[in-house]
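Novice: Chains as they are written, first to last, in the working numbering: chain A, 13 to 237; chain B, 1495 to 1718; chain C, 33 to 279.
Hints are computed from structural coordinates only; laboratory data are not their basis. The C-beta atom is built at its ideal place from N, Cα and C for all residues, glycine as well. Please note that the accuracy of each hint is not assured.
Here are the computed distance ranges between Cβ atoms for each label pair [unchecked claim]:
(1) B/Arg1653 with C/Gly213: 40 to 50 Å
(2) C/Asp110 with B/Glu1656: 38 to 48 Å
(3) B/Arg1653 with A/Ala16: 37 to 47 Å
(4) B/Gly1684 with A/Gly38: 57 to 67 Å
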Amino acid sequence: MTGAWRLGLLLVAGVLVLIDMYLIFGYAPTERSMGNVQRLFYFHVPVILTSWLAFALAAASSVWYLVKRERVCDRLAYASAEVGVVFFTVAIITGAVWAKPVWGTWWVWDANGTLTFVLWLIFIGYLMVRAYAPDAERGRRWSAVTAIIGAATVPFVYMAADWWGGLHPERVTGPGAQGSLEREMLLTLLFSFVTFIVLFAFLIAERYALRSDEEAVEELRLAAA
Amino acid sequence: MRETLRAALTIYAKDVRLELRTRETLFSVLAFAFVVAFIFTFAFEPSPQLIASIGPGIVWVAWIFTAVLGMNRTFLLEHERGTLDGLRLAPVPREALYLGKLLSVVTLLVAVEALMLPAFLVLYDLSLFNVWFIAVALAATVGIAAVGTLFSAIAVHTRAREVLLPMLFLPVALPVLIGAVSGAREALDGEGWGGVGGWLQLIIAFDVVFLVLSSLVFEYVLEE
Amino acid sequence: MTEQSAPTTPRSGHALELRGVSKTYGSTHALRNVDLDAAWGRVLVLFGHNGAGKSTLLRVAAALIKPTAGSVATAGFDADGHAGRVRAATGYAGHGTLLYDDLTPEENLRFYARLYGVARPEERAAEVLRDVGAERWAQRRVRGLSNGMQKRVAIARALLHRPALLLLDEPYAGLDVQGRGFVDAVVRAVAAGGGAVVLSAHDPALAFALDGDFAVLRGGRLAATGEAAGATPDEIAALLSAPAEAA
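Starting from the given sequences, assemble the full structure and let the hints guide the process.
Specialist: Put into structure tokens, the structure is as follows:
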């Protein structure tokens, strides 16, 4: 993607973020039982879904990389992992800040919460493998293996955490995210989704371009060596 | 397939022979497991009620940390002796190298776990001689070894291998740990298939998926 | 060498064909754009200083490492996609012995013979041990053997499956006159049997007795090739210590 495209994407993302801020803080009504803290929900839910998307993207490009051995796929996987770690971190922080006043606990170890945490750790492992590999080529291959193995564990984590949660009836269940949404809330949430997806796409494109430049520099250095 | 199995068993037999001769892995790993179990005694005051609720957790935390240590050793020994290249040179499918090492890891872990049973009895008055508990433990050990063998082949070549293996292995193996602890609790509560079966099925499904997947990707791990 | 040591793999073309082979590790070039052939029935000696790329070249030929660029055909098989066949057709002995120190030579060779799928592994292990003159030490742990004896067993390991192409990385290093004579005998026997040998050395005088082809590597590049008959050890030495090309 050329620089002009990325600039365009940045402008679109910037405008969307501004509108989204207005929708979240100005347009959406204050939730009756939770109050203003409920507004975090418009950040938390889209960010968490975008993080999962980042993981899916990293895993898919990793499979593609191992099969085709094209650097394009690796760059995409790497960009997804880096941006993904940031999104996961934001998702976990917003989740904790939201859960504490609403559910009385910083984190709920239900299927979604556990999965989010596990995927975050796997992404950190993914970046560690690349950092500690003896050479860049093995780093690419091993991190791809890490992402694929990580993706395979997703259904198991989900099921295990779900059953495990089911065995703990003392788990606090607060007002659900679904069901009781007013029209304005739903609209804000949907808009927020779009905003975070575009923001994510911009960050991936930017990180991908930077990675290409980094590799070009490495190759120049290699040619000079 | 037959050739793969033959080569895997050859590597396994070699590992067993080496271990019987040097005894350097089993006893060091076992000693570590004992120390972990012993330290736990002072972390909590193990009253009978407390043991009933956290006993399975203690057992599995001790075992899983021991497994990390033991799995790190399997490839480390080949790596340090320089014999990993000898295995990589062999004209056998890469799955065979994975399966051979996996068998060695499973044997080591099962041996350590079995030798730990009396320790848990003495330290916590926790009797684990229960058919369902053992079934869950065996299935979970296979799952742990399936993921751990793959990741230890990666970690052994890195600078931070002691950190990297648990970092990669523990999140992926979480479902096995959850299943093992929950299944163990059901089993020790006197439940049969009705309580343990679901967890056992989950763990076995995990074993199958990760055995197949790890065999398939192992060649990408070994390649230089 | 006994009759059975003769290579049996069908072959075509060259024993080893490298085309535009490069290998980089991070920011270092181990090999740069190397084109090299090794002929059947002959010995090819790679000369070069430490770090010239000899070991990397041999490891690429043995399918132990994949080149960053270029193609490799070993014993007529493309290493990319036919690695198993390349492995079955090549015997490799490197700097390490690839032996388990706590096992005996006999146990080591039986293990590798089984792993390689050699027929009657026990007999074959005994046979190669006899061939390399290590039968008296067959029951001792490798750990307790002299370097020279370990090297003999290491070479025996590479010969177990009767490879058509034998790759030896610095086989003369650390050997006495008798040991060097042994390596020469093994190399000649494989070449005489129709196989091929590629070995590396950094002392031209030692390997020149083999009377085969030579190639000189400098800084990962192929600096010269030729027949030993058409050059003298001094000329090779001069090629080796020529000033490194500006990178």
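Novice: Hint by hint, note whether the structure agrees.
Specialist: Going through the hints against the structure:
no.: 1; hint: B/Arg1653 with C/Gly213: 40 to 50 Å; in the structure: holds (43 Å)
no.: 2; hint: C/Asp110 with B/Glu1656: 38 to 48 Å; in the structure: holds (39 Å)
no.: 3; hint: B/Arg1653 with A/Ala16: 37 to 47 Å; in the structure: holds (41 Å)
no.: 4; hint: B/Gly1684 with A/Gly38: 57 to 67 Å; in the structure: holds (59 Å)
Of the numbered hints given earlier, the model fails none.
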